[in-house]
Amino acid sequence: NAGVTQTPKFQVLKTGQSMTLQCAQDMNHEYMSWYRQDPGMGLRLIHYSVGAGITDQGEVPNGYNVSRSTTEDFPLRLLSAAPSQTSVYFCASRGDLVPGELFFGEGSRLTVL
Amino acid sequence: DQQVKQNSPSLSVQEGRISILNCDYTNSMFDYFLWYKKYPAEGPTFLISISSIKDKNEDGRFTVFLNKSAKHLSLHIVPSQPGDSAVYFCAARTYSGGGADGLTFGKGTHLIIQP
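So the protein sequences, as listed, match chains A and B. Per this note's numbering: the first sequence = residues 1 to 113. Per this note's numbering: the second sequence = residues 114 to 228.
No lab work stands behind these hints: they were computed from the structure. One should not assume that every hint holds.
Unchecked claim - Which chain B residues face chain A? A few, computed with CB under 10 Å, are given here:
1. ASP168
2. GLY173
3. THR176
4. ARG206
5. LEU216
6. GLY219
Said to hold, decoys possible - Computed, partial: chain A to chain B, Cβ under 8 Å:
7. ASP26
8. MET27
9. MET41
10. VAL50
11. ALA52
12. VAL60
13. GLY63
14. GLU72
15. ASP96
16. LEU97
17. GLY100
18. PHE104
All C-beta atoms, glycine included, are put in the ideal place defined by N, C-alpha and C.
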């Protein structure tokens, strides 16, 4: 029972490089989202999707792109990484039983030098 | 403008005693409140929630209390156990329809259970 799977777990980038954080879920959840966690800042929503083909911006979307071609996958793209994007990134999908309940992946720690 | 506030960055409690974690909010439109628990190097996991029309919800050792007039909720853990040592996030839901309702998280409280 995999749940939400994120790859990679760790990544170091140089300023200006691009990369994609992968997220996949096997629970057939329509809603998926990306959060970033910074020290003393809690979890902040970057982008979310309510279903395949539909995405929208969250609280801190600048510098990130997303797409949702299938129900299972929701990748997060950094087109030109900046040191301010050094953070821990969490992908989450939402279940249908408890309002607001999110199922999180284990996180991806990104360092931008 | 922080809509969900956890004013205690950390809390230390002796094993077997009660742990009380607090959360304040400002938005009257929140309709559900949730608590998540996070261990180091893991993703947050859902712990317990409460609807805005309730004032208490209990699940085993965990109870959440909601005081709407004060815009305050608290999580009680009784008795506290070493495995409860973690960061606890308070979160509040805004229902917007169409499946787009989102969660606003507090900054978290690091609970440390002392033996």
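Hints violated by the structure (numbers, ascending): Of the numbered hints given earlier, those the structure breaks are 1, 2, 3, 7, 8, 11, 12, 13, 14, 15, 16, listed in rising order.
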